[in-house]
Amino acid sequence: GESVGLHLPTLSVQEGDNSIINCAYSNSASDYFIWYKQESGKGPQFIIDIRSNMDKRQGQRVTVLLNKTVKHLSLQIAATQPGDSAVYFCAEKTQAAGNKLTFGGGTRVLVKP
Amino acid sequence: DAGITQSPRHKVTETGTPVTLRCHQTENHRYMYWYRQDPGHGLRLIHYSYGVKDTDKGEVSDGYSVSRSKTEDFLLTLESATSSQTSVYFCAISRDDRVNTEAFFGQGTRLTVV
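Chain order of the listed sequences is Z and V.
For this note's numbering, add 9 to where a residue sits in the first sequence, where the first one is 1.
For this note's numbering, add 50 to where a residue sits in the second sequence, where the first one is 1.
Some clues are possibly wrong.
Beyond 10 angstroms from chain Z on every Cβ pair, some chain V residues (computed) [said to hold, decoys possible]:
id, residue
1, T67
2, T70
3, R72
4, H74
5, K103
6, D112
7, G113
8, S115
9, D123
10, S133
11, S144
12, Q157
13, V164
BS3-like mimics (lysine-lysine), calculated; alpha carbons at most 27 angstroms apart, straight line [stated by the list, open to error]:
id, chain 1, residue 1, chain 2, residue 2
14, Z, K121, Z, K77
15, V, K61, Z, K51
16, Z, K51, V, K107
17, Z, K80, V, K107
18, V, K61, V, K120
19, Z, K65, Z, K80
Derived from the structure by calculation, the hints contain no laboratory data.
Glycine residues also receive a C-beta, built at the ideal position from the N, C-alpha and C atoms.
Build out the structure end to end from the sequences listed, making use of the hints.
Written out as structure tokens, the structure reads:
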């Protein structure tokens, strides 16, 4: 697989603690907001999404919050594990634009044992 | 991995030469995307396709063209490669499904333009 040495903001978190990753988006017309995880040497992998008419969605150990007023998206990871170390990206999907899928800036999460 | 294959996986080419990257899927997904990933920029959308022969530009389409003559293949062409196009290129696919937003990514192609 491929990876790049990304100069990204880094979040260091102790194993077992909760992590919060933030993202600002720009397109109010987006239908879905999505979080992806990219491990070293691999392509991004889907974590969870949220439809634009929702403000919270929970998955397994993850929660996504959407605040449309300030165009802010967050991903909360509960009980962070070493396997959560990766780069996390937020993304937006716009159905009216042919399901255009664009990504925001990423955050590197480092889990300390 | 979902049935998505990028080729080649690595390529070194000279400035000014044309280069074509191939994305092949076996999932019969409608939507296909090409991204480039560079340090400090994350993933930037180059072009995408919402069906056979239906494509549109992304954020960084200058210097790139695409073609999709059949569902399973999405080709990205650098018409005249430049050093600024040295990057890692990712292809992604997603279903025609208003509920499922998941996109599946290939392993990437590392392109170096010298």
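Now for the hints, and whether the structure bears them out:
Interface exclusion of T67/V from chain Z stands, the closest Cβ pair being 21 angstroms apart, more than 10 angstroms. With a cut of 10 angstroms on Cβ distances, T70/V stays outside the contact zone with chain Z, its closest approach being about 18 angstroms. Every CB of chain Z lies more than 10 angstroms from the CB of R72/V, the least distance being 15 angstroms, so the non-interface label holds. With a least CB separation of 15 angstroms from chain Z, H74/V remains clear of the 10 angstroms interface cut-off, as annotated.
The beta carbon of K103/V is kept farther than 10 angstroms from every beta carbon of chain Z, the shortest such distance being approximately 13 angstroms. The claim that D112/V is not at the interface with chain Z holds, since no C-beta of that chain comes within 10 angstroms of its own (minimum 17 angstroms). Here G113/V stays apart from chain Z, with its beta-carbon at least about 19 angstroms from theirs, past the 10 angstroms limit. Every beta carbon of chain Z lies more than 10 angstroms from that of S115/V, the smallest distance being close to 17 angstroms; the non-interface claim holds.
The non-interface label for D123/V is consistent with chain Z: the shortest C-beta to C-beta separation is roughly 18 angstroms, beyond 10 angstroms. Every Cβ of chain Z is farther than 10 angstroms from the Cβ of S133/V; the closest lies at roughly 16 angstroms, confirming the non-interface assignment. Once the 10 angstroms rule is applied to beta carbons, S144/V is inconsistent with being away from chain Z; the minimum gap is 7 angstroms. Non-interface status of Q157/V relative to chain Z is broken: a Cβ of that chain comes within 10 angstroms, the nearest being about 5 angstroms off.
Every Cβ of chain Z is farther than 10 angstroms from the Cβ of V164/V; the closest lies at roughly 18 angstroms, confirming the non-interface assignment. Restraint check for K121/Z and K77/Z: the C-alpha separation of about 33 angstroms exceeds 27 angstroms, so the hint is violated. For the hint linking K61/V to K51/Z, the alpha-carbon distance of about 18 angstroms falls within 27 angstroms, and the restraint holds. The suggested pairing of K51/Z with K107/V holds, with an alpha-carbon distance near 25 angstroms, which does not exceed 27 angstroms.
For the given pair, K80/Z sits about 24 angstroms from K107/V by alpha-carbon distance, which is consistent with the 27 angstroms threshold. With a CA separation close to 24 angstroms, the supplied pair K61/V and K120/V stays within the 27 angstroms bound. A C-alpha spacing of about 14 angstroms is found between K65/Z and K80/Z, which places the hinted pair at or below 27 angstroms, so the restraint holds.
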